[in-house]
Each structure stands twice: as C-alpha cells, then as structure tokens.
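Produce the complete structure using the sequences and hints provided.
Protein chains: 2
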Amino acid sequence: MSMPKMRRDMNAIARERLAARRAAERAATPAVPLVSPLAPAGGFPSLPPIAGLDLSSVAAGIKYRGRPDVMLARLAPGSVVAGVTTRSTTRSAPVLDCEAKLAAGADPEAGAAFLVNAGNSNAFTGGRGVESVEAVTAAAAAALDLPQSRIFTSSTGVIGQPLPHERIIDALGTLAAGLAPGGWPGAARAIMTTDTFPKGAVETAELAGGTVTVAGFAKGSGMIAPDMGTMLVYIFTDAKIAQPALASMLRRLTDRSFNSITVDSDTSTSDTLLVGATGRGAEVTQADEAAFEAALGAVMTDLALQVVRDGEGATKLLEVRVTGADSDADARKVALAIANSPLVKTAVAGEDPNWGRIVMAVGKSGAKADRDLLSIRFGDILVAEKGWVAPDYTEEAGAAYMKQAELVVTTDLGLGNGASTVWTCDLTHRYISINADYRS
Amino acid sequence: MSMPKMRRDMNAIARERLAARRAAERAATPAVPLVSPLAPAGGFPSLPPIAGLDLSSVAAGIKYRGRPDVMLARLAPGSVVAGVTTRSTTRSAPVLDCEAKLAAGADPEAGAAFLVNAGNSNAFTGGRGVESVEAVTAAAAAALDLPQSRIFTSSTGVIGQPLPHERIIDALGTLAAGLAPGGWPGAARAIMTTDTFPKGAVETAELAGGTVTVAGFAKGSGMIAPDMGTMLVYIFTDAKIAQPALASMLRRLTDRSFNSITVDSDTSTSDTLLVGATGRGAEVTQADEAAFEAALGAVMTDLALQVVRDGEGATKLLEVRVTGADSDADARKVALAIANSPLVKTAVAGEDPNWGRIVMAVGKSGAKADRDLLSIRFGDILVAEKGWVAPDYTEEAGAAYMKQAELVVTTDLGLGNGASTVWTCDLTHRYISINADYRS
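These protein sequence lines map, in sequence, to chains A and B. One point on numbering: in this note's numbering, the residue at position 203 of the first sequence is 215, and numbering is uninterrupted. One point on numbering: in this note's numbering, the residue at position 243 of the second sequence is 255, and numbering is uninterrupted.
Keep in mind that the hints were calculated from the coordinates and are not lab data. Small disclaimer: the values here were computed from a predicted structure and weren't measured.
Any copy, or any two copies together, can satisfy a pair, since identical chains are not distinguished.
With a straight-line Cα cutoff of 20 Å, these simulated SDA-like cross-link-like pairs (lysine to any residue) come out:
1) K398 with G138
2) K398 with G139
3) K398 with R333
In structure tokens, the structure reads:
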C-alpha cells in the first residue's frame, strides 16, 4: 500500500497558521548558540603540559571562518597509541584509516601525530574521501618527519561533501611551527562543531615510579549515541605503558563512559577516541594498573559527561540508574530505553515528574520486567513501588525535584543483581532549532 | 563514577537567558491544538452502517470536560472477535484482560461489546487497576445482557492514576440507550487524546456471496512505535468469517500496517486493535479470502497512515522505503533506524535535503550494509550512489522536493532482495511543546 491512494490535499487554513507559527518560533529562538547552562562553571580547565606532547591549532577555513578548525598533536618517539572507533557500517574514510593503522600496530619508536579538522567529516565521500586521507597523511608525514603509518586523522562536520584537504595541507607549516606543550585550549576549540564550550579533563595517578598525568579533550554534541566513544576524543599521558595493556584498559573503560551516554540515539559516522602515552613519565607496572586505570577512567567519564552537558539544546543532565535487573545486559537495555525515549526527555525538559513515561520505557525495552515488582525513585524520593504510585509520594515533591539542573532517576526491576548507569540530557526546542537548519 | 564529582554550579547569565528564551517559545506556540496540516481534506469519512453493529458515545468526564470520552460498540449475537495487543512488559490492566479473553475464545453466539475510555490509561495502577476492569466489565455485562467474557475494554490517557471507573459505570445507561448504527463520528471522537482529528476508514470487498464492508476508526498520536498495532483501533465488518481465519489475517496485516509506523519510537502500554465481524453479510469462503484480506488491509493501512498524519507536531508525512537489503529483516532495521532518527526527522521538519543523515542512520542500524553500494533517492531524484553524491544531483532539486508535505525517501542497499516500507512524520517544535507539559 503506497501513498498515491491517500488523500493528498492540504488544509489551507492550517498551513497558513503553521507557517505563521514556525516564523514566530524562529523569531523566538536566537541564532547564536548560547553556552550550555550545564557547562562547567570554571570554564575550560587548566591542563598541565605532558612530557613528550606538543599541541597546535590553526584557522584553516575548512568551513568556519575566523576560528581555529584544525588541530595537531605531536607525540615524541617512544609513544604508544591505542584507540576505539565507531562500529557504524557507514563510517568515514579517516575512521577506516585509523582502524587499519591501529590494527597494524606500527613501531612506536618513531613517535606519532593526531591531525583533526572540524567542519567536514569526509564521510560518504567515496574514493575521493580515501584520496583526501592519503594526501593529508602523506603531507603531514613529510612535514613532521614521521612515517605515514603513524599519522592518525579525524574529520568531523557535514557528511557527503568533499574535504578541501589542500587547506589542511597548506596549514601544516603553520601548525608545525606552532607546536607547544601548552596548546590545549586552542586544540580543544579547533575540533568543535555545534559544541557550545570546549571540553577538557585531567587526573593524576600515583604510581610506584612517580606521579603521572592523564589529560584530554573531546567534542560532542549531536549525533551522540556512541557505538564506542563519542565523536572525537583525544587523551594523552606521560605514563610508560605497553600498548596492549593500554588498549585493553580502553575497551573496558569505554563501555562505562562514552558507550554509556546518549544525546539523541543517533550514532556518528566519525566516532574516534585516541589515547597517546608518551612514556616520558613513570611506568605503569602491574601493581600500578588499577591506579592508572582509575585516572584514565575518571578523565573519560568526565569528558563523556561534558559531551552530554553540551548535548544539542540540553538544559538538564539526567543520570539513569537501573538496578535489580535479571542481568547487566538487561539493565543496560532498560537504561538506554529510558535515556533515548523522546517522551521521557521532553518530560524532563518540561520539569514534569511524569514517571508513567519511565514505566512505558521499561515496558518497551525488551528486557525481562514484572510490572508489579518495579520501583522508581527521583533522587531519594520513592515515586512508585509494587506496580503503582508509592503511598507517601506527592506530585509536589516530584515537581520540586524536577526543577534541579541535574537529575538522578533510579529504576529497580526487583528481579536480580543486574545494574547499569547511562547519562543523557533533555530534549528541547533548541534541539529542533539547531537540527532543522544545521546544513542550509 | 557519579555526579557529585562533577562541577555543579550553573552559569547564572546563561540560565537567565534560557528562562527568557523558554518564555518566548511558549508565547510563540499556541496552546490550542491546530488540526494537523496532514489531516485528510474531506474530514471524517462517511461510514455506512454495518449490520449487527451499534455504536454510542458519551461525555463521562473521565478527565476531559465537555467532550465525549467513552465509546461503546455492541456486536450482535454470532459476531466473532479477533485482536492484537502490545507486547510491552508494562501493559495495562485492560490490555491484559483483553488478551485473556481473546485467548479463551468464548462462544460468539452471545455477541460482544467494546467499551473504551480516553483520558486515563489504567496502566501501572496495580491491583486497583485490575479491580477497575473487573467492575466495569461486570457492570457492562449486566447492562447489555452479555457474558462478562465478551466485554472487551480499552483505556487511553495518563499512566499511573486510578481510573475513576464509577464514572464509566454511571454512564452505561446513557451509552446503552444511545446505541445506533450511525454512531461512528461520536465513537471516533470519544477515543481521542492529543489527536487533532478523528480517524476513520472504509473499504468494501466483493465476495461470491455479495459485497461486504470493512470500516473502523483509530486514535494516535504520541507514544507511537507500535509493537503490534497503534494505541487503539477498532474495525468492524459484516462479513461472516471463522475466528481463526480472521485472527491469522490480522497478524499478517498488522506487520505491514500498524507495525510499520512510528511517530516517536516510544511504545504505548495500551496498544490494542480489535476487529469484530458480525457475520450478518456474505461469507468469506476460501476463494474470497484474498479479496477480504485486501479490504481489511486497506482499512488498516489507511488508519495507520492517519495515525502518522496526526503524529504529535507532524507537518510532513515521510514514507521510508528500503530495498536491496540482504533480507527483509535487515531492510526493516534500516527503515526503522531512518524513521526513528531525530536527526532525519528534524531535517525533514526543516525541509533540509540532508541525505548525510540517511547515511548515518543506515550505518547505525545494525543491518549489513556496504557504504560504496548505497544509493538514495528523494522521490524520483537520484541523490547519492556508489558511496557518494550522484553527479547530476543538485542541492536546489533536493531542497525543492523537501518542500512537499508528503515525501518518499528510498534507500537501496545494493546487496539483495530484502525490502521494507515504514511511515513516519517529522519532529517539530510542536512535539516538544505538547510533551513538555502534557501532564502538568
């Protein structure tokens, strides 16, 4: 059954009213992005130099004008690199190139470089996209005196338009000349697209051989339902660690950080997380692994939450905790069903303690659930239990809680010990405004 | 890692600006629902009487004031009933009661009745919800002189609040007195919640024994990603057909109609589709089955598309066709990934021919796909092929096409013969306005 059979005429009066309403809505929504109300109050954190790491950024005019849009990170000889990339079947040419280079595991003695542009994702650009990656990595290898196999590139921005890679190549001289240990703020800004603030994080770990630093930056802020990590994340450390140990740590931590956030359930074609360890600081011995993993995990979760805090249009940060599930996998299904539900997300935007929509999301999740064993809490407030509203719950208490900028909703399924936590943001008019004319 | 670790302070200036913007947006969005611009131009169709069927409706004040909100359909002795209900694990008390009665397959000689209220879904209401269904069905059985096993009820509206079932019981006398063959428009209006127009459809089938009629009505219009059918659908026919034949037809047709639409990817706790066949008209012999199934399928698809046309905030109807997939199941995965993508739906709202978001959705769908074999069409316009934009495609042609109210996007995966079609609507400011304060 197809549409020709359907009545096609429009209600002319309704159309006119609709056009008027759209115009009014456009007028009411400022075109200049505000800084997210959930942005960290202190601004971009002060990130210390990492021995063996230099950063640089430049305004190359890829798409944006008058702002840095290409970032270069150079890692000294001896640095190991690990990474995780999107599992999207339509992933971009630079993602495929990074995957091949990570799998090949080239000799770290040469050093390495990460070269990233914003404004164009070089995704779905066919053979020409592959040629762009080849041209950029070859030019960067020559400019930095590195093997081409150690040049990792990422591109973020619009899909399906040819990357003007010559602008990146032309900028390589300026980028190389600008390399400096303190280049963090410019590098973090250069990778932004619809982000409203740059995202950085730092932790230290006390190892037997001394203190090491883990610091990095990330970008969001739409098309965020990572199937590995968020769109682009770069983390660096001076720790000395074997590549396989770093890679396996990264896989574990990614599931609890970047793979546990969602802005809009849409998965990017460009998701890339790269970690470079220069090895100039203390060694991560077996006894130190837990301490180092904790620091790396803290930086990853901090950056992941900053991505949610800058989710397109976000005004509320929602932590979705699920406990008592039959398995961790079931808990994750329920948590993602809640976090991705447009009805839950609009209720949060409206500060409406509409717990019925949580019940709906549990029901559609596909996880094992028994309606009459469910309980739901908003913060510490018991909202529902045993399949119905809790006797002491009041709508006033729920409504007061929902006014907070940061919310925790806990759903206990009452079945077993499976648990999962996922973070998301609300769904607001601004998300619509941003995405109904991002490209045009 | 939990939130206490995160910086909690807010950017005071950003908050103030946000509050001002929200106020402006609220002012720009009328509180009174318009009729959807996609509503059929002719209004509610003229539905003929069905021999053996009487309909009635009444304003019982369940939640709404001054409009009908309870509907009664009485089917004469000899009528068979088939139905499909939601698979949500948190489905409502009336859904569970319908399931039990459909499974028990009681004697049709007594006749049957469908009794439906809007304004309260009687979902997640614990033991009290079950008591409400018991009380209503017992009272209706007495009032209509039917066995309680032949009273099928549905409830739609807010979740988690006790159903004021005594108001339904008090209205039974008025409902019974008002039963009449021509009660279609009132019945269709009585089941509406956020719907902006009542939805009806009719077809006839020429059987060997004569012409039979299939007519029915449905409601939407949010929480629509049916896991069986949409929220509430009632279809009637005078055909004489065995219950098992009707039930198996219904399962087949549901997959191609109500299970192929999505407004917001959220699945209701109340989804119920009931079909009553009075058997007063011609018999559906084996030779007639295809003709009857075609008529029933046409009514179901017509109603399903009307639900999408009245999706909350909808201004565009999008038909998502997927061909060339490795299997039908893979085609469906891709079609649903496209149809449920907030980024695709906002692009449609913004009349933006942003085919990169289609590529993204293919990539995240989980279906087998090869980026370099993909092709995408907007209507008859070839937009992308072989992993990149088509040589003759122009942005102007795409933008002109997107201005239509009804759009067809075809994605060919170039792999096999799997195909699927799904219908959805755009995601607009009005969806946010409706759902950010539906309850409060």
